[in-house]
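The lines below spell out each chain.
2 protein chains.
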Amino acid sequence: MAAATGAERRWVRGRGSPEAPQHPAPAYGRHGVGRPGGIWRTFQRDPEFGPDGCRRDAFPKLLLSQPAVLTISGSSAHWTPAHPQRLLHHQRPRQKRYYEEFPINLRTGEANLTQVYLQEALDFMKRQQVAQRPFFLYWAIDATHAPVYASRPFLGTSRRGRYGDAVREIDDSVGKILSLLRDLRITENTFVFFTSDNGAALISAPKQGGSNGPFLCGKQTTFEGGMREPAIAWWPGRIPAGQVSHQLGSIMDLFTTSLALAGLAPPSDRVIDGLDLLPAMLRGQLTDRPIFYYRGNTLMAVTLGQYKAHFWTWTNSWEEYRQGIDFCPGQNVSGVTTHTQEEHTKLPLIFHLGRDPGERYPLSFASTEYLDALRGVTLVVQQHQKTLVPGQPQLNVCNQAVMNWAPPGCEKLGKCLTPPESIPEKCSWPH
Amino acid sequence: MAAATGAERRWVRGRGSPEAPQHPAPAYGRHGVGRPGGIWRTFQRDPEFGPDGCRRDAFPKLLLSQPAVLTISGSSAHWTPAHPQRLLHHQRPRQKRYYEEFPINLRTGEANLTQVYLQEALDFMKRQQVAQRPFFLYWAIDATHAPVYASRPFLGTSRRGRYGDAVREIDDSVGKILSLLRDLRITENTFVFFTSDNGAALISAPKQGGSNGPFLCGKQTTFEGGMREPAIAWWPGRIPAGQVSHQLGSIMDLFTTSLALAGLAPPSDRVIDGLDLLPAMLRGQLTDRPIFYYRGNTLMAVTLGQYKAHFWTWTNSWEEYRQGIDFCPGQNVSGVTTHTQEEHTKLPLIFHLGRDPGERYPLSFASTEYLDALRGVTLVVQQHQKTLVPGQPQLNVCNQAVMNWAPPGCEKLGKCLTPPESIPEKCSWPH
Numbered sequence: 001m002a003a004a005t006g007a008e009r010r011w012v013r014g015r016g017s018p019e020a021p022q023h024p025a026p027a028y029g030r031h032g033v034g035r036p037g038g039i040w041r042t043f044q045r046d047p048e049f050g051p052d053g054c055r056r057d058a059f060p061k062l063l064l065s066q067p068a069v070l071t072i073s074g075s076s077a078h079w080t081p082a083h084p085q086r087l088l089h090h091q092r093p094r095q096k097r098y099y100e101e102f103p104i105n106l107r108t109g110e111a112n113l114t115q116v117y118l119q120e121a122l123d124f125m126k127r128q129q130v131a132q133r134p135f136f137l138y139w140a141i142d143a144t145h146a147p148v149y150a151s152r153p154f155l156g157t158s159r160r161g162r163y164g165d166a167v168r169e170i171d172d173s174v175g176k177i178l179s180l181l182r183d184l185r186i187t188e189n190t191f192v193f194f195t196s197d198n199g200a201a202l203i204s205a206p207k208q209g210g211s212n213g214p215f216l217c218g219k220q221t222t223f224e225g226g227m228r229e230p231a232i233a234w235w236p237g238r239i240p241a242g243q244v245s246h247q248l249g250s251i252m253d254l255f256t257t258s259l260a261l262a263g264l265a266p267p268s269d270r271v272i273d274g275l276d277l278l279p280a281m282l283r284g285q286l287t288d289r290p291i292f293y294y295r296g297n298t299l300m301a302v303t304l305g306q307y308k309a310h311f312w313t314w315t316n317s318w319e320e321y322r323q324g325i326d327f328c329p330g331q332n333v334s335g336v337t338t339h340t341q342e343e344h345t346k347l348p349l350i351f352h353l354g355r356d357p358g359e360r361y362p363l364s365f366a367s368t369e370y371l372d373a374l375r376g377v378t379l380v381v382q383q384h385q386k387t388l389v390p391g392q393p394q395l396n397v398c399n400q401a402v403m404n405w406a407p408p409g410c411e412k413l414g415k416c417l418t419p420p421e422s423i424p425e426k427c428s429w430p431h
Numbered sequence: 001m002a003a004a005t006g007a008e009r010r011w012v013r014g015r016g017s018p019e020a021p022q023h024p025a026p027a028y029g030r031h032g033v034g035r036p037g038g039i040w041r042t043f044q045r046d047p048e049f050g051p052d053g054c055r056r057d058a059f060p061k062l063l064l065s066q067p068a069v070l071t072i073s074g075s076s077a078h079w080t081p082a083h084p085q086r087l088l089h090h091q092r093p094r095q096k097r098y099y100e101e102f103p104i105n106l107r108t109g110e111a112n113l114t115q116v117y118l119q120e121a122l123d124f125m126k127r128q129q130v131a132q133r134p135f136f137l138y139w140a141i142d143a144t145h146a147p148v149y150a151s152r153p154f155l156g157t158s159r160r161g162r163y164g165d166a167v168r169e170i171d172d173s174v175g176k177i178l179s180l181l182r183d184l185r186i187t188e189n190t191f192v193f194f195t196s197d198n199g200a201a202l203i204s205a206p207k208q209g210g211s212n213g214p215f216l217c218g219k220q221t222t223f224e225g226g227m228r229e230p231a232i233a234w235w236p237g238r239i240p241a242g243q244v245s246h247q248l249g250s251i252m253d254l255f256t257t258s259l260a261l262a263g264l265a266p267p268s269d270r271v272i273d274g275l276d277l278l279p280a281m282l283r284g285q286l287t288d289r290p291i292f293y294y295r296g297n298t299l300m301a302v303t304l305g306q307y308k309a310h311f312w313t314w315t316n317s318w319e320e321y322r323q324g325i326d327f328c329p330g331q332n333v334s335g336v337t338t339h340t341q342e343e344h345t346k347l348p349l350i351f352h353l354g355r356d357p358g359e360r361y362p363l364s365f366a367s368t369e370y371l372d373a374l375r376g377v378t379l380v381v382q383q384h385q386k387t388l389v390p391g392q393p394q395l396n397v398c399n400q401a402v403m404n405w406a407p408p409g410c411e412k413l414g415k416c417l418t419p420p421e422s423i424p425e426k427c428s429w430p431h
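Heads up: the protein sequence lines correspond to chains A and B, in order.
The first sequence begins at 1 in this note's numbering and counts up one residue at a time.
The second sequence begins at 1 in this note's numbering and counts up one residue at a time.
Simulated from the structure, these hints should not be mistaken for lab results.
Glycine included, each C-beta is placed from N, C-alpha and C at the ideal position.
Warning: the hint list may mix true and false statements.
[Said to hold, decoys possible] The calculated DSBU-like cross-link candidates involving lysine-lysine, where the alpha carbons are at most 30 angstroms apart (straight line), are:
hint	chain 1	residue 1	chain 2	residue 2
1	B	Lys207	A	Lys346
2	A	Lys176	A	Lys207
3	B	Lys126	A	Lys207
4	A	Lys426	A	Lys386
5	B	Lys386	B	Lys346
6	B	Lys176	B	Lys207
[Claimed, not checked] A few chain A positions that, by computed beta-carbon distances, are all more than 12 angstroms from chain B:
hint	residue
7	Leu178
8	Thr256
9	Glu359
10	Leu379
Could you put together the complete structure from these sequences and hints?
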């Protein structure tokens, strides 16, 4: 099935990157903002974005030259138009109805949205197979994002509450997608990658949040609970089954990896941070590389090998915290889970993530281990900062025009809207 | 291989019970007390206990009527003679040398003790197979108990530090035991149970402690981190592979289960709390039952179904805490992880362990869910207290005489000692 370019069929699920922790805007509500009794979500089926270049740039547009691309992505309960696949239409009435509306019953948690996403994905794959076209499917379900939902056959089936029901439905859906690949007999030239964009959003716990296991804090922080993700790569016949890789990766790597799979070179006019993960996945090769963690323009932390150095610590503000918003519920590591922005740039807090994955025991400043780790970390940070070319932020620019005002198909539904003038403006995050 | 009694070969690893959280005595040190540069441990190979009845009663003595029983148990760094398999000889010079001494290098963490335990187990099983005798093996390795150790081939092989090295060696050893069962062709009539006596001892973290994942606190507490254990039952051809059981169990159940496997009835002259787990393991049957959590004589908590009610909360005392002893490092749940003994008997804190396995969000006292759960919990506690017959404690009695002064084999080593007079006395725990 591979095209002349050497492109393989591939399916990539994943969004975000460690450099861009996602910040819900509590102003729009965390627990199912919307009309009483229900909330509506849209999903987007097409990468034809708005009239300005922002969103297209944020998406691996090189891939758009491939014959068939489908991105299915749930929108979430916060308004982040700069996130390409995240559209929420209900908060601003004038932005309603991009493709279709799907209700979520806030009281019962019932919604058939995952089934809609699933059906779209299956249909898309079948169509491409009939047309013998390689395809790229981005399947970003959002049932585990508050408001958490599941369809009726899954509601109440888990011992883990509604969140567990949602996970069960997602699990079942992933199984159906893999089954279809088997039925279509294209498993051996389909690359599947499963991951998430951030750790569990503990601000939504316990009823609508997951667990980050042993890791510290949750989504929105640069601690492991916010940043460390499960990742499963699947490619029968190419990726050995059951192997575990200790390669340090980030979602940004999926860009470079996807290009490599398609036989394309990454753009050479800029520094590309993403790493091609194929050597790790296909041959068990390990590449030593740092991962940098930003909040806004601030380099909060860096991981190098087993060590993670924090130059700044911060969970969320006292103001938020006093309102009951807590990114680290039940966790309190003195001097680490700070509610003020604490600077440690001169003497970073360094943790050994192997012995201490929960970031609870900073190495002693006086230890040889600390000094050795600091030396390594300092070098890679200097190198990073030397080669860093400040650019025009593409992921924290808001622009009404980039919403999907008139996606393909809208005319059939009579729901096409006229885009407003493109006015990019810097989004202000509450933290 | 089954004897006329219907006894199957069986291998049980496990110690302790939720009713008896184990309390190290910090007075004897937590981090490798002993001579400079090294610590010695003994291991015990035989259930021939001391001259008084205490220890024998604490052991399932009915099993002793079976032809072959081997208990191998590491001693630990605290002096708890009332724990049958826990002997530490080095703290009191006069108690030295029960069977043999095995050094642990405190600086490097090197010790070949797990290999010694392994070899003893393998030899024992081979001997029984030659003699065509059913056997009971209790194999309680202690490499993950501070001072944590591994033998040279495993030292430094893990990315998780010395603790990871120890786990790797234990994993390898369990593999070798299972392999021998396969080689001996007795897997189908050998019952294997793998579990632990308590959660990771977080007071030993990060260098010598494990992780309790999402669970609250660690060993010595009645929170999930202290009490919830992995458990794997293995019996090819009888226990379906890969199944997960939600049966709530306790290590006490292994007594009843072992008797059932041996075709023996539990004693009828007393209330037996242990449940026969065979229906759960063999037929996936679930039995609704409560689990009670004690510290000393205090009923701290009870689990019933998905709900856990805390009648008392306590981690460790302020005095200990101020000395740096912390049973819940990095965790702080207001009103739950208390350093004073807080009574909630009138209105227990209730958690839903499915949605909230980390015990971070007590149910609202005013909720219907709370009232329903409270009703169920109150009933089982009343029932429990009505049938409870206070007995002579067997697991918190200290008696110098019960140490293994002259175990079989000592004469060959010239290391037999004369037991002192039997003087049972109540042990005093620091908490």
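Just want to verify: leucine 379/A was marked as not at the interface with chain B; is every Cβ pair farther apart than 12 angstroms? Label holds. Min Cβ-Cβ 22 angstroms, cutoff 12 angstroms.
Run the distance test for lysine 207/B versus lysine 346/A: straight-line Cα separation, threshold 30 angstroms. Roughly 26 angstroms between the alpha carbons, so the hint for lysine 207/B and lysine 346/A holds.
Keeping to a limit of 30 angstroms between CA atoms, is the pair of lysine 176/B and lysine 207/B held or broken? With a Cα-Cα distance of about 27 angstroms, the restraint between lysine 176/B and lysine 207/B holds, given a limit of 30 angstroms.
Leucine 178/A remote from chain B - nearest C-beta pair above 12 angstroms: Check passes; 19 angstroms lies beyond 12 angstroms.
Satisfaction of hint between lysine 207/A and lysine 176/A, Cα-Cα up to 30 angstroms: Between lysine 176/A and lysine 207/A the Cα gap is close to 27 angstroms, so the pair holds against 30 angstroms.
Would the non-interface assignment of threonine 256/A survive a Cβ cutoff of 12 angstroms against chain B? holds, 25 angstroms
Need the status of pair lysine 386/B, lysine 346/B: alpha-carbon distance at most 30 angstroms? holds, 18 angstroms
Glutamate 359/A non-interfacial with respect to chain B [C-beta, more than 12 angstroms]: Since the minimum Cβ distance to chain B is about 8 angstroms, glutamate 359/A lies within 12 angstroms and the statement is violated.
Does the structure keep lysine 126/B and lysine 207/A at a Cα separation of 30 angstroms or less? At roughly 53 angstroms apart (the allowed maximum being 30 angstroms), lysine 207/A and lysine 126/B break the hint.
Starting from lysine 426/A, check that the Cα of lysine 386/A is at most 30 angstroms away, please. Holds. Lysine 426/A to lysine 386/A sits at ~25 angstroms (cutoff 30 angstroms).
Hint check: violations occur at hints 3, 9; the rest are consistent with the structure.
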